[in-house]
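A.B. asks: Let the sequences and hints guide you as you build the complete structure.
First to last, the sequence lines map onto chains A and B. Take the first sequence: its position 90, counted from the start at 1, is 90 in our numbering, and no numbers get skipped. Take the second sequence: its position 34, counted from the start at 1, is 1034 in our numbering, and no numbers get skipped.
The hints are simulated quantities; they were obtained by calculation from the structure and are not laboratory data. Where is the CB? At the ideal position from N, CA and C, for every residue including glycine. Among the clues, some could well be false.
Computed list of lysine to aspartate or glutamate pairs in DMTMM-like fashion (alpha-carbon distance at most 20 Å, straight line) [what the hints assert, rightly or not]:
1) B:LYS1425 - B:GLU1008
2) A:LYS213 - B:GLU1072
3) B:LYS1277 - B:GLU1325
4) A:LYS137 - B:ASP1066
5) A:LYS137 - B:GLU1120
6) B:LYS1269 - A:ASP134
7) A:LYS137 - B:ASP1347
8) B:LYS1391 - B:GLU1072
9) B:LYS1078 - A:ASP134
10) B:LYS1277 - B:ASP1258
11) B:LYS1037 - B:ASP1258
Covered stretches of chain B (chain A as the covering partner; in silico rule of three or more C-beta atoms under 8 Å from a C-beta of chain A) [to be verified]:
12) 1094 to 1108
13) 1433 to 1443
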Amino acid sequence: MTLLDLARGPALEWALVIFIAGILWRLLGVLLLTHPVDFSAPRTSFAKLQGTRTVFSRAWPSAEFIVRTRYQTVMAYVFHIGMFVVVAGFVPHIEFITGLTGLSWPGLPNFVATLLGIAAVLALVAMLVRRLTDQRKCCVSTWDDYFSWFATAAPLVTGLMAFYHLGPRYETLLAMHILSIDLLLVWFPFGKLMHAFWAVLSRAQTGAAYYRKGVRI
Amino acid sequence: MPVFPTFEQVYQGFAEQIGKLPGVAPRVEMPADQRVKRAVKVLVDETHADEAVWLESCVHCGQCVDACHFYESTQDSKYAPLRKIRLYQRVYRQEVGPFRWLYKLVGRPVTVEDLEELQELVYDSCTECGRCTMICPMGIDIASLVHHCRTALVAAGMAPPEMAAVTFEQKQMRTVFGASPDVLRSLVQKILDEYGEEIPIDKDKAEVLVLTSAVDIVMNGNGLLATARVMNHLGVDWTLRTDAYESANFGLLAGDMDLMVELADNIAKSAERVGAKVVIVAECGHAYSALRWNPHVHGKELPFEILYMSEFLGRQVQAGKLRLEPLNRTVTFHDPCKIGRRGGAFDEPRAVLAAMNAELVEMPANREVNWCCGGGAGVFLLNRATELRDKAFKIKLGQVDATGADGVVVSCASCRLNFEAGRFKNRWDKQVDSLVELVADHLKDGEAGQPAAVAGGEQ
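C.D. replies: Here is the structure:
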């Protein structure tokens, strides 16, 4: 079995199993905890529904805070949007998913996908630099922050390297790229990458708690 | 000739009382491992799904510092809000979280030194104002998590001595700073003798149960006088009760939840006994949280509504029952954090100021995103936190100055004490007024008489 066979064979299969099982375990382990009843009289009966507004309103800082947070917010969006568009819009990715599931959709021109990929990498680097040079020492960085950064950056970097044949031979580069995705999938349920789910849940529940009191956030 | 002290004198008297608190604080002796065990148990017991989601959600972006007055005024990263929840996160991961078996193997156990370090973070340098929640991209309710940390420290016998002293007194006496029923009765009599203002006390039945507070009872007689004037002017069928008069809930402030519930239940029972349709909470911010938004108080089933003083006054204005003389001044309004951002009563105090034709200029950061004054959640009681509090207040001072207003109207005794302290220490030229006292001074003569409809349901 070659490295590439391993990467896109058993390694990917196990990575997907751990990814799905791990996410379910972590989500259920949290959401199945107790939910005590709040007996106070709410100002609205629709707080939970109204709270979902906060999932979207919190996606951009309020006017009061925008000056202090815009750099970080913009970098984060450049990275997230770039990454998602590359994952879903890059033709080799679509072909891979077609091979697995039969689904397909039109892809982006390669130069657009690679530009977005480069932008995503640059944004990630910018955020890492910000964390490392944090003069205010406010971020309280842990090894999870750095390892999650690595697990996220590696597929982007190795993907660009594979596409442009930079370094070892193509099969090795492709294997490295897929192995880095395997690592991302395995790590995802255990670290801060789970913020993909927590962002929605946390905003919604805080929104509901505030709406209950008549405060729109 | 005024009978009661000015609020500057009230602040001076209060500061002196606070200075004596550490000397009378009960000491809780306990082995260190017992303290840790109790603190951890409380955090575990109080962690439900909501807390767990918030504890899982922090991505260490550090944006919360840009919303926190304690960080902003010191630039000390120690006061970053996300640091306040790190110990709780550790406990959660090791004891409650879905991978606790893994974290128990690799994580550091909690020590008493961790709890000692936590004390300053969750008492001295947090007013539970919730402003950090407004900036957090994940929407984490840090203030609620800080509250749980306080309850953990109380269980470990590690609340600050001032909090321990006041909590101890309130456990025994149901009130604080010596504001006993006898002192209350004396004040009521004095108000009658000096001002001819009758305050009904211990009526068997009344539509409205009014709560007062120790600050008004032992020092700021003008507060109770103003309350009486307004209630009598409106023709409200009201009463004070010597079995339930104290708004302040040091159970909530310190983190002693048994005491919090006991005090709140006592007020609810008294209100039910008198057949009250409304309970009015005096100008005391956290008291509103302790009663109105207390998850244990069966608010939906109780036969009465709980209104904050400014909420009640605003509703009377909006119903056309309260007409006021013009104020003829430019003012700004400081929303107490527990009434505005964490209480939802923004519009009512503004309606009162509009009824006084006050030229209201909002502060640059107002309503949901206003800056905390720095004195709430019991921080004003802590001698050790004085310098920190004074620095934090300067932000609020700047906010008021930026409006160009003559003064600021506040509707919370804790905020008012902090404003008064700031006014004194900074030789600040702005006037600081209490909303209820301002209303009492601007009642329109001849407009009283018709009983006010006090029970109006939620707006």
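A.B. asks: Hint by hint, say whether it matches the structure.
C.D. replies: Hints versus structure:
1. B:LYS1425 - B:GLU1008: holds (11 Å)
2. A:LYS213 - B:GLU1072: Violated: LYS213 (chain A) and GLU1072 (chain B) sit about 28 Å apart, past 20 Å.
3. B:LYS1277 - B:GLU1325: violated (28 Å)
4. A:LYS137 - B:ASP1066: holds (13 Å)
5. A:LYS137 - B:GLU1120: Since the Cα atoms of LYS137 (chain A) and GLU1120 (chain B) sit roughly 18 Å apart, the hinted pair holds (cutoff 20 Å).
6. B:LYS1269 - A:ASP134: Given that 20 Å is the threshold and the Cα spacing comes to 53 Å, the pair is violated.
7. A:LYS137 - B:ASP1347: violated (39 Å)
8. B:LYS1391 - B:GLU1072: holds (9 Å)
9. B:LYS1078 - A:ASP134: holds (14 Å)
10. B:LYS1277 - B:ASP1258: Cα-Cα ~26 Å, so violated.
11. B:LYS1037 - B:ASP1258: holds (19 Å)
12. 1094 to 1108: holds (count 4)
13. 1433 to 1443: Answer violated; 0 residues pass the 8 Å Cβ test.
In summary, the structure is inconsistent with hints 2, 3, 6, 7, 10, 13 from the numbered list given earlier, while agreeing with the others.
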